[in-house]
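Colleague: In the order they appear, the protein sequences are chains A and B.
Be aware that the first sequence starts at 447, since it is given in our numbering, and climbs by one per residue.
Be aware that the second sequence starts at 2, since it is given in our numbering, and climbs by one per residue.
Certain hints may be false.
Which stretches of chain A does chain B cover? Using the computed rule of at least three CB atoms under 8 Å from a CB of chain B, they are [to be verified]:
(1) 457–464
(2) 477–489
(3) 511–522
Just so you know, these hints were derived from the structure itself, not from any lab.
Yeah, the Cβ is synthetic: ideal placement off N, Cα and C, and Gly gets one too.
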Amino acid sequence: MESNGPREGVVYTEAIVHSAPGQFVADAPYQIAIVDLEDGNRLTVRILGRNPDDRAHIGDRVLFVEERQGTLYYRKAGKLA
Amino acid sequence: MPGQKRAEGQTHRRYLKYMRPVAVIGIGKTAFGAFPDRDLRSLAVEAIRNAIGDAAIPPGLIEAFYLGNFAGPSFAGQNHLAPYVAAAAGFEDIPCTRIENACASSGSAFFHGWQSVAHGAYDAVLIAGVEKMTSQSTPRVTEILAGAGDMSGEGAAGATFPALFAMIARRHMYQYGTTREHLAAVAIKNHANGAKNPLAHMRKVITLEQALAGKPIAEPLNVYDCSLISDGAAAVVLVPLYQAHRYTTRCARVLGVAQTSDHVALDSKADITVFPAVRKAADKAYEMAHLGPRDIQFAELHDCFTIAEIVASEDLGFVAKGEGGPFAAAGCSSIGGPLPINTSGGLKSKGHPVGATGVGQICDLILQLRGDAGDRQVERHRIGLAQNLGGSGATCVVTILEAA
Numbered sequence: 447m448e449s450n451g452p453r454e455g456v457v458y459t460e461a462i463v464h465s466a467p468g469q470f471v472a473d474a475p476y477q478i479a480i481v482d483l484e485d486g487n488r489l490t491v492r493i494l495g496r497n498p499d500d501r502a503h504i505g506d507r508v509l510f511v512e513e514r515q516g517t518l519y520y521r522k523a524g525k526l527a
Numbered sequence: 002m003p004g005q006k007r008a009e010g011q012t013h014r015r016y017l018k019y020m021r022p023v024a025v026i027g028i029g030k031t032a033f034g035a036f037p038d039r040d041l042r043s044l045a046v047e048a049i050r051n052a053i054g055d056a057a058i059p060p061g062l063i064e065a066f067y068l069g070n071f072a073g074p075s076f077a078g079q080n081h082l083a084p085y086v087a088a089a090a091g092f093e094d095i096p097c098t099r100i101e102n103a104c105a106s107s108g109s110a111f112f113h114g115w116q117s118v119a120h121g122a123y124d125a126v127l128i129a130g131v132e133k134m135t136s137q138s139t140p141r142v143t144e145i146l147a148g149a150g151d152m153s154g155e156g157a158a159g160a161t162f163p164a165l166f167a168m169i170a171r172r173h174m175y176q177y178g179t180t181r182e183h184l185a186a187v188a189i190k191n192h193a194n195g196a197k198n199p200l201a202h203m204r205k206v207i208t209l210e211q212a213l214a215g216k217p218i219a220e221p222l223n224v225y226d227c228s229l230i231s232d233g234a235a236a237v238v239l240v241p242l243y244q245a246h247r248y249t250t251r252c253a254r255v256l257g258v259a260q261t262s263d264h265v266a267l268d269s270k271a272d273i274t275v276f277p278a279v280r281k282a283a284d285k286a287y288e289m290a291h292l293g294p295r296d297i298q299f300a301e302l303h304d305c306f307t308i309a310e311i312v313a314s315e316d317l318g319f320v321a322k323g324e325g326g327p328f329a330a331a332g333c334s335s336i337g338g339p340l341p342i343n344t345s346g347g348l349k350s351k352g353h354p355v356g357a358t359g360v361g362q363i364c365d366l367i368l369q370l371r372g373d374a375g376d377r378q379v380e381r382h383r384i385g386l387a388q389n390l391g392g393s394g395a396t397c398v399v400t401i402l403e404a405a
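Here chain A stands alone, though its shape is the one from the complex (with noise of 0.2 Å):
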């Protein structure tokens, strides 16, 4: 799905779920964060990944990857995609 949305931002802060709501259990573990994106809005978004190297750290850049049924997944900058 395409999106007009900034296409990049900055962590400000992250957490790794483990106990997930209904919905998303089969996706637990996962990671996700606040970032702060280049027009200055700040979202919650999903970070993709399940390596180590994945991992999103505060401050680490982040790319849009998708948006899938209203969640939107970024995952972290130089890394393939």
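Starting from the known structure of chain A, fit chain B onto it as the hints suggest.
Modeller: This is chain B only, laid out in the frame that chain A set:
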């Protein structure tokens, strides 16, 4: 529209001018825990009967009922809860109103009940809080609780409540150097206190090793950083202070109480290590009480997560920003410390039946004010403060009580 906003100080002064002093004359609680054989209504009725009995007030004198409940419709499939509970407790005809403000539901019910007495609408009001949570699976409970956040943004990303507070903890660690050991100190203290509370859900002392090695829930928070999923109810009776002596010789005077609000979504805050709603509620309650943070002798704070107690101790002005972790780790908030916090065990160990928590905190403060807290009794127990938080800071109620 900021241009159209009333001058806040002016409104607040008018509000205080026409207020009469209010007293809590009765308290009642159920035990908090997992009670498979009890339903929401029977828990609420038990707490109400205990409060009416403790107040020694004829039930016919009660003029209004406010019920705090977060998610009865989702947890128990029952709506229209205020008259549903009141009628079962023997109260008919009077206005019965349910108030929902997430985890601050019954703190908000207390605030509105207090207002109705303070401003002369009624001379005797009953306030209760109840939640029945343990009949649902943990993923379903997690989903229902997530509804206290913004479901269009953070909810869609898969942010649970533990995850929101985990993100607050991560940022607090980044900005102020707060550590996992600081968080653990809060858990260890509250478990030690709860172990001495006969009505607590989890009466278990934990060690530092256990607290650090708990099962991860939302990193950096583990199971020992999270409050419990509990069933329970609590109730209080309010009358004007000048009438309190008709019923009891040991009432608690409401010195200050305030309810405030903020955005629901955590990502709408500029700095998530601060809860502006807590600061504003505290400012108003302190002003009403003509007191400051240094006058508070003990407190019940909303430790839905260990980090929440740390942030609240800062936002209430007990310590400077960033000092909440070291304060707890140094034992300053333990029973016997200079400012005991959560002598009941807090939400962490006493349990967190969401809708019952706010009124439960008031009951726990009053046990201390009366000198009835047993092994948990603090030395200085004339003035106590309760802080009840909804969601990730969108509602806050701060109450200051004095033994009268």
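Colleague: All hints, please: hold or fail.
Modeller: Results for each hint:
With 7 residues bearing a CB less than 8 Å from a CB of chain B, the stretch 457–464 of chain A meets the requirement of three and the coverage assertion stands. By the rule of at least three residues with a Cβ nearer than 8 Å to a Cβ of chain B, the coverage given for the stretch 477–489 of chain A holds, with 5 such residues. Coverage of the stretch 511–522 of chain A by chain B holds. Counting CB-CB distances below 8 Å, 4 residues qualify, and the rule asks for three or more.
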